[in-house]
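Q: Residue numbers (our numbering), protein chains in the order written: chain W, 88 to 416; chain B, 88 to 416.
Because the hints were derived from the structure by calculation, they are not lab data.
Ideal placement from N, C-alpha and C gives every residue a C-beta, glycine not left out.
Take these hints with a grain of salt, some might be off.
[To be verified] If we take Cβ atoms under 8 Å as the criterion, some of the chain W residues that face chain B in the derived model are:
| # | residue |
| --- | --- |
| 1 | 200 |
| 2 | 207 |
| 3 | 222 |
Each chain is listed here by its residues.
Number of protein chains: 2
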Amino acid sequence: MSTPTIATAKEIFDLLHDDLLEIEREFETAAVSRVQVITEIAEYLREGGGKRIRPLLLLLSARSQSYRGAGATRLGAVVEMVHTATLVHDDIIDAADMRRGRPSPNTTWGNAKCVLAGDWLYMQAFRVALDERNFRVLDLLIGLTQQMVEGELMQLETLGRQVNSQEYYDLIYRKTACLFEVSMRLGAVLAKATDAEEECMGEYGRNLGLAFQIVDDVLDLTATEEVLGKPVASDLREGKATMAVIHALENGGAEERAAILTVLEDQNFERVSHDQILAALKRNGSVEYAMNTAFEYAEAARQALSFLPESDYKRALLWVPDYVVAREK
Amino acid sequence: MSTPTIATAKEIFDLLHDDLLEIEREFETAAVSRVQVITEIAEYLREGGGKRIRPLLLLLSARSQSYRGAGATRLGAVVEMVHTATLVHDDIIDAADMRRGRPSPNTTWGNAKCVLAGDWLYMQAFRVALDERNFRVLDLLIGLTQQMVEGELMQLETLGRQVNSQEYYDLIYRKTACLFEVSMRLGAVLAKATDAEEECMGEYGRNLGLAFQIVDDVLDLTATEEVLGKPVASDLREGKATMAVIHALENGGAEERAAILTVLEDQNFERVSHDQILAALKRNGSVEYAMNTAFEYAEAARQALSFLPESDYKRALLWVPDYVVAREK
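Only chain W is shown next, with the shape it has when bound in the complex (with noise of 0.2 Å):
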């Protein structure tokens, strides 16, 4: 009998459902602090939710390659704490009023104590990363979080201009797959894989996170407010161009192009309205053209997994791709 391809999320819940109960668990006990309002902040994300995607890769990774021990729980709420912090700056760098339907952080505690909360996580993931006693563990960790800091500078210096595709793809890397990236490879790290099979994993997680943010990008132009628990086009009122976007201005005519770059300049739909910025991407294929894209990461994604031996987390590795590019919010 031959395993199908594909699991179901209810199969991979099943699956793990002890070791992400075991994630929220290491996330509880690690985000107290004597500091009062620290743990506030600290309690206050992580009752917020997400998807907690980056662990759930995380165990996949390591558990598809027979990695059995402790671990993997571990380093998975230590990536979702990495993940935790850099929203906690972000929310203050962007100025942002609301994170998954919740007013934000800095807009509660002011930006002076987030600045703090967000590095105190950044070192209380290190810490428990530093129990496992692993210093290619701390390598990815710390080169990773580099990596993503200085995304967020490179972003900051594009607001409010075009920026080309190749800057997009350095940024999204930066924001998203690279996180994903170092999920994987940390699995493949805690089961003693060979460099080959490490790098393997590591693209995985990269193309999957380009497909994920790819699509994060295109829910923030055309999903609702009600849905994304934010207001829509944030992107383009913080002066971001996304791949849709860009792929409007490199093809649109020259008053679609003068539209777009209106919005970007004025970080505001005063002068242009949504709807013209929709219409524009539409007549243009934009929002396909990016949609397209991402399934072609999903893809690559999958096949990088080819050399892993037939498993349920295998089945699961291949399932997420699909539920990366399928998501509504």
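Put chain B on the given structure of chain W with help from the hints.
A: Relative to chain W, chain B alone:
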């Protein structure tokens, strides 16, 4: 022939000349990022100088215990980078205009970029430290940085109100003494000192750090803007009560007490003048009290070194507390 107990500043500079140059080189090399603005901010901060007292302590600790390797200059650069990262974030939090007689980085580059530049410097410090391939080094550094971040948050929670001596000690321990202690401990770790020896080195650093910060806080009250490179009494303007002020609050009359609490609450000298505060401190001998406490810590630091064999490095360590309490900025 017995060695004199105390060295001079010139002797110490000659003794550590090459090491200190090497630390500058390491810091300069490490402060380069692919992202231009990070390099600019890091370079601005590095060039701004500072006393480099933390690397000096680390060097003296390692060398006085016969460590001769390159780890001392590498970790010297690391502790200075950690210190620099905390300054970048602190200036954002305090909304500071000036730092070491120049505009603080947040006034030039804005808060958003400085949050990220501070993050990057922390990561870079850990990254360089990771090259040492010593878990104990990483445990100390990461534990320390968390304590410092927690201290800053505790400080924020106390702004505008009276703190007691116990709170003040905890705050200055976290703000300053903690990194001095870790610098000394790192030197001991490099030298493969016994736990007891590392403990003594840590005690030296802790006591020296407390003396250093008490003097720093006194200078903030009594020195001139020209000497400080920033406005006088900036602690009071930020609502921070330091040792001399706490002494006056605990020992002064009702009127003096009310005047000080007014300034702490207002965070300005509009209703009560700076001279009135200085007069209250003078009447209560509060500055003398704080300076005497600093002298006691400086002496306790020296006492902690009794186990060390005689050497030029030990003589230098015996000199540092004198320098710290006698300095004018």
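Q: Honestly, which of those hints from before does the structure not fit?
A: none
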